[in-house]
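Protein chains: 2
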Amino acid sequence: MLGLMQDWPLVCHKILDHAATYHGGREVVSRSIEGPLHRTNYAEVRVRALKLAKRLEMDGVKLGDRVATMAWNTWRHLESWYGILGLGAVYHTLNPRLFPEQIAWIMNDAEDSLLFVDLTFVKLIEAIAPKVPSLRRVIILTDDAHMPETSLPGAVSYETYLAEADDDFAWAEFDERTAAGMCYTSGTTGDPKGVVYSHRSNVLHAMTAVQPDMLNLSSHDRLMPVVPLFHANGWSTAFSCPMAGASMIMPGAGMDGESIYQMLTRERVTITAAVPTVWLMLLQRMEKEGGDLPDLERVVIGGAACPRAITRAFQDVYGVKVMHAWGMTEMSPLGTVCSIKPEYDDLEGDAKLDLLSKQGHPPFTVEMKVTDDENRELPWDGKTFGKLKVRGPAVSASYYKGRGADQFDAEGWFDTGDVAHMDAHGYMQITDRSKDVIKSGGEWISSIEIENLAVGHADVAEAAVIGVAHPKWSERPLLVVVVKEGRTPLKSDILGFLDGKIAKWWMPDDVVFVAEIPHTATGKIQKMSLREQLKDYVLPDG
Amino acid sequence: MLGLMQDWPLVCHKILDHAATYHGGREVVSRSIEGPLHRTNYAEVRVRALKLAKRLEMDGVKLGDRVATMAWNTWRHLESWYGILGLGAVYHTLNPRLFPEQIAWIMNDAEDSLLFVDLTFVKLIEAIAPKVPSLRRVIILTDDAHMPETSLPGAVSYETYLAEADDDFAWAEFDERTAAGMCYTSGTTGDPKGVVYSHRSNVLHAMTAVQPDMLNLSSHDRLMPVVPLFHANGWSTAFSCPMAGASMIMPGAGMDGESIYQMLTRERVTITAAVPTVWLMLLQRMEKEGGDLPDLERVVIGGAACPRAITRAFQDVYGVKVMHAWGMTEMSPLGTVCSIKPEYDDLEGDAKLDLLSKQGHPPFTVEMKVTDDENRELPWDGKTFGKLKVRGPAVSASYYKGRGADQFDAEGWFDTGDVAHMDAHGYMQITDRSKDVIKSGGEWISSIEIENLAVGHADVAEAAVIGVAHPKWSERPLLVVVVKEGRTPLKSDILGFLDGKIAKWWMPDDVVFVAEIPHTATGKIQKMSLREQLKDYVLPDG
Ligand SMILES: Nc1ncnc2c1ncn2[C@@H]1O[C@H](COP(=O)(O)OP(=O)(O)OP(=O)(O)O)[C@@H](O)[C@H]1O
Ligand SMILES: Nc1ncnc2c1ncn2[C@@H]1O[C@H](COP(=O)(O)OP(=O)(O)OP(=O)(O)O)[C@@H](O)[C@H]1O
Ligand SMILES: [Mg+2]
Ligand SMILES: [Mg+2]
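Sequence lines, in order, name chains A and B. Taking the working numbering, the leading residue of the first sequence gets 44, the next gets one more, and so forth. Taking the working numbering, the leading residue of the second sequence gets 44, the next gets one more, and so forth.
Bound-form chain A, shown alone (with noise of 0.2 Å):
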């Protein structure tokens, strides 16, 4: 027997509909890639997301084609994807950061026919374009003023293309499994996957991130994802904001502190998503320059792990609530937000600082395990780690053209390739990835616990903890650090800091003082190159 019940699919642009009906004159605001600060509203958007999917279809655009977009966030890029979505087209988010070869290779893979770009990125695409045989068009997301002088194919501004169709359309329809985007993986461990989205996954995510135990997004909020929409989907902001009629205030390419705190206070923003770097930034510009953030109430800080110190920074100084998210570009992105139920109410100083670092607790819809290498369940004690592994109806089944098949077993579980625990009341810590953990006789270290602890040393830039051979434990931890502008450490120093704070046997080995430490596009530690570049060191008693 059968619900009798409507058939009303859930697809991404009834999201847009939603917003322009019941939260018309809710502001996006956009610092242009030209300059100037922009505002519009989900109405307007709206308006020109349906003008841009006509346009589209009159340029032979068709349900399930890929539509490239390389751009920062603005209500232009905004636009772009619910005018591709809205069409059946699928929005792919290419990251700049990657080079060019890798952003020609994922062009090939996903074989993008149109491209959306900011003026920022003409030149790097002019280089890559003429690799990419199915690539037959190019707008540019500015206006015929500030177009510049570009070989690349039928290039044309978004404000003349956007004006050369009306509004007369209906979003088109079909069903909510259709694919509405893609976005490959950060390729930390190796190369990128392609992850394909579908427009049930995304409103289906988008409706579990609004939660009050997630972000908590209402009607009152302006939200600031100054995480790209490049990054893992965007986290889910272009569609959580409008469903909650949260404002939006787009950073644009100002992504240095200056402008990030400029947009903060200016705009009232009070919510704001990024990873870690970008708050070192901003913190280090605050303390410099002074300021306060009257408005912000939470900051969401995910996509690698949040030291202490930006925890405690942003709560002790600046009374703002930190949210330590966690997430991957296969989860659309959202995994666990570590906000504080009951159980945890009363902790405080360290204690909760203990608990503000765990990754969280996952929102209903999003199911977890840990299980050892055979695949059995681990306790769920705070202590025991193992393989992650993750199900639900926003993470992926697969990845394009099949690729990483090993990742997903029968029962429909998809291995996160991170290393966590799990504590009594369903918190989540992330301890490694499975690809950087370290064993040292037969036991595992955490090299992320490590590594957050040495960013609390007052001489400490940056921190990585590699596992390097050892005869008698096949492996041990050696600490990577990249010293703060003219400050000199002794490396026993920073052991001395660690003393007590760690086993005594995840005491790291050595520390190797390095200039800089390889990042990857997204700006996370790249453990691969590291352990590369470290490839002829040799432990003291090695």
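Rather than coming from a laboratory, the hints here were simulated on the basis of the structure. Keep in mind that a hint or two might mislead.
Since copy identity is lost for identical chains, a pair holds within one copy or between any two.
As the list claims (entries may be wrong) - Dumping the calculated DSBU-like pairs for lysine-lysine here, alpha-carbon to alpha-carbon at most 35 Å:
(1) 395 - 364
(2) 527 - 174
(3) 412 - 105
(4) 482 - 444
(5) 578 - 534
(6) 444 - 331
(7) 412 - 331
(8) 364 - 544
(9) 364 - 578
(10) 567 - 482
(11) 105 - 166
(12) 364 - 331
Following the hints, put chain B with the ligands in place on chain A, whose structure we already have.
Chain B with the ligands only, in chain A's frame:
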């Protein structure tokens, strides 16, 4: 091109799995039918629901079978729902306040095979059971110690029934569109019609209900559903609370002001929900006996228009936020909640009360429009009223057995039978039921607005406005009033009180004092009966 995300069906029992895993210790506190308070939690509720599902399967219950419940809100009723739906059978809630013949008719219409019933209703069901041939077994929601003598077929105590199965059981697997529950409408405008919820609709509905601008449910909430589970799908609390990890405080049979006050305060309830009548009883009790509501943050009021006097008392006297909500059995049931959007943040005093007396705005997934008789959309100007039509994944596509087909149109819109206007920010206000609309000289008069004003008069206990035939205007409003004990207002007092508050031509032509106004089984004014009762009344100038 389809997305490559997991096929993770939206089924109701996954909500309980989530609650048991991530909010397992969160309390479910009930005033038991036997008397004492009973405390359990989501982890235990889940184990018992699994046992129940297994026990039902042993009893031959199959996918799609209708299993009825006639019970107050207790942990056992909650377990019954999940035990039934977790097997793929259909919980069918019966309203014990209907006439026995209506109950028998409904049970036969649904072909209920089993029934879970509270001790309170054993006698009632004994009279009905012989008329329901499909009913083969009755489980009485108590333990052996409290089992009554009964002639009911296969009668067994719930605890004994449960004990006959272990919890080694996996939830059944089926499509998310499978029927999960069944509820008949209240029968205000005619015979009750069967609504069949799917797993998908219940899950999506709960995902919207918990959102910040809706009920804003979090793991810190302790929600008391005073609204019975047999009213309009229990207002979704059986799903939204475990989804959010909110505690449930179940009032059992204690629906009087004193019992409710005791539960609210002793169990530190933060949010509660019921029809206006319940809140009138509570407020009367508090006015008489004193007391305050220190933990209660918000009260959800729906099912009928909420008189301003109630809103004012909660807000000004007890510091509790009123959330006026509108819903229908056919909408799972939530349609709108009157939370305050930024546009209205600055309202105060009467202007704020005006806003809060609206039924509110819908969440994402509820589409609304207001049309005239020719299905032309009317402007959203806050005054032009017409037929309210809705669409969404948790809105009925049809009634059971195809009844009432004229309420559904080809584009999927469901005619709610309510008459309403919308304002520019999407706030909806109900002015009438289509069947109760008063048409004076071709123009519509809102009976609900006049009623809500009239009950603001100090001597008025209850008020209803109906249309009465008029030679010149075709229909004119008549105000029917029940006065408070010991009061003897004059007609002119009451009309004078309305003067200046409504348009001159809305002023009722007369006032009739009656001892009682007829109500439906859900406590709503039954205007059909009232018109019948006053059919011989003639207007002063009629
Ligand atoms: N709060 C966090 N704490 C620790 N690690 C995090 C956190 N959030 C995300 N991560 C890490 O980021 C990963 C997801 O990142 P993303 O999807 O951008 O690609 P990637 O895993 O870095 O790259 P690739 O999968 O191509 O190797 C997670 O699997 C996890 O390792
Ligand atoms: N906040 C509210 N203000 C005014 N009316 C409301 C409110 N909430 C619900 N209602 C009324 O209740 C109706 C839904 O009630 P329900 O589904 O219990 O059955 P019913 O409409 O009373 O009965 P039937 O459909 O069988 O005639 C709505 O259509 C509306 O008329
Ligand atoms: Mg990865
Ligand atoms: Mg009705």
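For each hint, the structure was consulted:
no., hint, in the structure
1, 395 - 364, "both (12 Å within a copy, 31 Å between copies)"
2, 527 - 174, "neither (41 Å within a copy, 84 Å between copies)"
3, 412 - 105, "between (40 Å within a copy, 31 Å between copies)"
4, 482 - 444, "within (33 Å within a copy, 64 Å between copies)"
5, 578 - 534, "within (20 Å within a copy, 97 Å between copies)"
6, 444 - 331, "neither (49 Å within a copy, 72 Å between copies)"
7, 412 - 331, "neither (43 Å within a copy, 54 Å between copies)"
8, 364 - 544, "within (25 Å within a copy, 47 Å between copies)"
9, 364 - 578, "neither (41 Å within a copy, 64 Å between copies)"
10, 567 - 482, "within (22 Å within a copy, 69 Å between copies)"
11, 105 - 166, "within (28 Å within a copy, 65 Å between copies)"
12, 364 - 331, "within (22 Å within a copy, 43 Å between copies)"
Violated hints for the displayed structure, listed by number in ascending order: 2, 6, 7 and 9.
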